[in-house]
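Following the hints, put chain E in place on chain Y, whose structure we already have.
Residue numbers (the numbering used here), protein chains in the order written: chain Y, -18 to 92; chain E, 19 to 134.
If you're looking for bench data, these hints aren't it; they were derived computationally from the structure.
There's no promise every hint is true.
As the list claims (entries may be wrong) - Anything over 12 Å on all C-beta distances counts as not near chain Y; from chain E, calculated:
hint: 1; residue: 26
hint: 2; residue: 32
hint: 3; residue: 42
hint: 4; residue: 83
hint: 5; residue: 84
hint: 6; residue: 94
hint: 7; residue: 99
hint: 8; residue: 126
Claimed, not checked - In the SDA-like style, the derived pairs of lysine to any residue whose C-alpha atoms are separated by at most 20 Å in a straight line are:
hint: 9; chain 1: Y; residue 1: 17; chain 2: E; residue 2: 57
hint: 10; chain 1: Y; residue 1: 17; chain 2: E; residue 2: 62
hint: 11; chain 1: Y; residue 1: 37; chain 2: E; residue 2: 121
hint: 12; chain 1: Y; residue 1: 79; chain 2: E; residue 2: 32
Backbone N, C-alpha and C fix where the C-beta goes; we use that ideal spot for every residue, glycine too.
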Amino acid sequence: GQQVMQIPQYQHVQEGEDFTTYCNSSTTLSNIQWYKQRPGGHPVFLIQLVKSGEVKKQKRLTFQFGEAKKNSSLHITATQTTDVGTYFCAGREGGYNKLIFGAGTRLAVHP
Amino acid sequence: DAGVIQSPRHEVTEMGQEVTLRCKPISGHDYLFWYRQTMMRGLELLIYFNNNVPIDDSGMPEDRFSAKMPNASFSTLKIQPSEPRDSAVYFCASSSPAGGPLNEQFFGPGTRLTVL
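Isolated chain Y (complex conformation) (with noise of 0.2 Å):
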């Protein structure tokens, strides 16, 4: 079945450091998600891609669709303390309607 891998699990920076997850998926996806979710708290969608090499951009956040629609990431620049939790993508293969999700990569951020 559809597998997503998602690196790193954990990431520590400084404040004002940039900070990189990646997302790979198995199978080609018709379109991928981004999620982020804060400590005791609940996912909440940031973004959904869905062309082939699609570059979207909020803020100092910064996610990329693979040209083969198999692998994706979310870039933050001078990451900030408010930008703490788990980022998760989710993906979802052709006529599927259900999302398979990364483990998710926990960003914390030393002030």
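Relative to chain Y, chain E alone:
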């Protein structure tokens, strides 16, 4: 909008007891999802409904788990009998019909279940 509502927020029970988790999706959403989150297994989709009909329950771990959606505004996830390994945070999420399930999923606050 109040968002997705789940109850209870916390549940502590003893092994063998029946547990019922409740969810009220966002009004107008016609997709409802039940997830389980643990440190070991991450975020797992258990089952999802479309227009109150179960579409995919392949993630339901075993017969002890059952889910229902009697109407568009209410769903339950029941565990009977509960076991310590069922301890987890259970999330309910809903999705709007515009664009179908390709749209974002709105998660509820979750129910933290502890089975002793």
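Evaluated hints:
Even its closest Cβ contact with chain Y, about 15 Å, leaves residue 26 of chain E beyond 12 Å, as expected for a residue assigned away from the interface. At roughly 25 Å, the least C-beta separation between residue 32 of chain E and chain Y is larger than 12 Å, which holds for a residue marked as non-interface. For residue 42 of chain E, the requirement that its beta carbon stay farther than 12 Å from each beta carbon of chain Y is met, with the minimum near 15 Å. At roughly 17 Å from the closest C-beta of chain Y, the C-beta of residue 83 of chain E stays outside 12 Å, upholding its exclusion from the interface.
The beta carbon of residue 84 of chain E sits about 19 Å from the closest Cβ of chain Y, which is more than 12 Å, so the claim that it is off the interface holds. The Cβ of residue 94 of chain E lies farther than 12 Å from every Cβ of chain Y, with a closest approach of about 19 Å, so its non-interface assignment holds. Consistency note on residue 99 of chain E: stated as away from chain Y, and its beta-carbon is indeed over 12 Å from all of that chain's, at 27 Å minimum. With a cut of 12 Å on Cβ distances, residue 126 of chain E falls inside the contact zone with chain Y, its closest approach being about 7 Å.
For a cut-off of 20 Å, the pair hint linking residue 17 of chain Y to residue 57 of chain E stands: about 16 Å separates their Cα positions. Of the supplied pair hints, the one linking residue 17 of chain Y and residue 62 of chain E holds, its CA atoms being roughly 16 Å apart against a limit of 20 Å. Among the hinted pairs, residue 37 of chain Y with residue 121 of chain E is consistent with the structure: their alpha-carbon atoms are about 16 Å apart, no more than 20 Å. This hinted pair does not check out: residue 79 of chain Y and residue 32 of chain E have alpha carbons roughly 32 Å apart, beyond 20 Å.
This entry does not satisfy hints 8 and 12, going by the numbered hints stated previously.
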